[in-house]
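Undergrad: Modelling step: build the complete structure from the supplied sequences, incorporating the hints.
For the protein sequence lines, the chains are A and B, in the order given. Each residue of the first sequence is one higher than the one before, counting from 1 in the working numbering. Each residue of the second sequence is one higher than the one before, counting from 1001 in the working numbering.
Source of the hints: derived by calculation from the structure; they are not laboratory data. None of these values were measured; they are calculated from a predicted model. Just so you know, not all the hints are guaranteed correct.
Interface residues of chain A toward chain B, partial, derived using beta-carbon atoms under 8 angstroms [unchecked claim]:
#  : residue
1  : Lys-269
2  : Ile-271
3  : Phe-274
4  : Phe-279
5  : Leu-283
6  : Ile-289
7  : Phe-290
8  : Phe-293
9  : Lys-294
10 : Leu-313
11 : Ser-317
12 : Ser-320
13 : Lys-321
14 : Phe-324
15 : Glu-325
16 : Tyr-328
For each residue, glycine too, the CB sits at the ideal point set by N, CA and C.
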Amino acid sequence: MVNALEMYDWQFMTQILLVVSIFTFVIFFKRLKKYSELLVALPFSLSVGLSIFLSDNLVSYFFFSEILFVVSNIIYNNCYKLYNKRYFENVRYIFWIIIFFTYYNSFGSFAFNAVPRNTGIEFTFVVALLLSLIFLMILNFLLREKSSNSVAESIGYEVFTVSIFCMKTILIISDLTDAIPPKHHTIIDIMILLFIFVGSILSLQFHKSSNVQKLKSIIRALVILSLLPLLIIGESKLWENFSIFTLTIIAGFVFLELIVSYLDKSRIKLILVFLLICFISGLSPFGHIFILFKDLVDSDNQVILLLGVITSLLTISVISKRMFELSYDLEDHKSLK
Amino acid sequence: MIIIFLIFTIISLFLRTKDAKSIQECIPFYIVSTLSWISFLLYMYLDSILYIFTTFEITTFLIMITLGNNLSKFLQLKFISFFVLTLLYIFEGVFQQDILYVYVLISTFIALWSSFRVDKKIYFPFILFNIFSLMKAREYIESPFSVTVFVIGAIFLLFILLKGRLQSLYRETSIITFILWLGVFTFSIDLYFLLTVITLLLTVSLFKSFKLKELNKAIDILLYLSSLIVLIPFIKVSFFLTLTWLAIFSICLFSNKRLRDIGECHG
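TA: Have a look at this one:
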């Protein structure tokens, strides 16, 4: 099946899809005015998101992701602020500037997968800043006060844009972590643990909230956070077919979104949500935590790894309890009878 | 052991049918009883621990999803217990038994605090099924960690009884049965004693789920008797704690009886 997937040039296919949908939208403008998000915004995010994932040097990676982040403010109907404070909106440009400088200093080029010439403090800076970028993007899920009600926007922005960006960044970092000197590696590990703790504390305050949209994006954020401990142990079978793994996670996110927003409250919805949350958070036989634990080599950082995984998963269990309550209400069921 | 379960099933079926106004009311109860008996038979003929585990999971999910109440808590606890099971891969040799023990702990918690929507008496066959699974798991799992958990649980229980001014054992039935189950699971008890404890505990949950008013008062004495048997092996662990346990339980029993006598005189 994997070979069959690799036969197509998916980047080209999504671009064609974008062109066709824009053409139909322009031709039948009067009738399709309502469906602008579905016809223009979603294919756009999909094709640029795929380009982000397939980009092979830092410049194109920066270029595509900035296009997507900036344009999605315009392209979606409810134009909301990504963050409530301007500080969070603009701090990532400073990060990018430092990343460009340090990356060129330690690699001599902007291409990925090159052997570093210099593994000094600059090289550690690259990894630390990329990690902070992931966390900054996730913070948007946790801190944003206004949450959108439209499904297309939630899929297009949160899944196709931010999630794909985070997965690509994790993939880049995973290539770099093996070359880091051990002393610096501990600092990175502690940083990962700190991010997970802060993310869990921020999301725990929503354990009574009745906003399903918010809960969904918190679960997404926590799943991405639970991927970070994979970076502590560099060697794993997961990196060999990471693109397939990304595909499954993204598909899981999309299905969760569709099930939560379109199915009525019932037991079937409850079971599906439970299964999908188990699948996404990596507890199924194909999940990342299962694979991670299966071929784990003894190392000094095992305690940090375990702490990170346990914290993020326990937080998911607390948040998912609220999801289950909202997807199957007993009182509603009684009133229907 | 299977005879005890058979007798209890027959008694519960009889009681349920006697109470019901029409036979249709009892159908969920019959279905759950049949399900639990199917899994008993599967337990007896399956050897691999993986198959037994799968049977347990499937039956629990079937019963809880179709008839259970408060499903969100159930699914949350299941999520945590699946996570605990994945930890097995890291500590393959070292903590294997302890991790399985934590899994048993969570499953026992789910069983004792479960409630059902259509028919509250389904609690009894569900408990029957769970106690049989516990007995099956007892053959495979043996962890030194479990004694510590039992000691902590016992101290917690005595503290709760002291806080409730030693009034009645009946009020704390579910906590006491939880700790007694753990005791039965942890310590190696002589076969006849084991059978007696199981009979006593099953009788307690039978009285509790069917709410037989005349026999409600007997629950205190049954709990006291079953705790006596669990405490026999526990003496070796902590003599002092055993004595305190016995003292507190006797005071509870005594004061409760006196209160009841006074109440009856006035009534």
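Undergrad: Are there hints from earlier that the structure breaks, and if so, what are their numbers?
TA: Those not satisfied are hints 1, 4.
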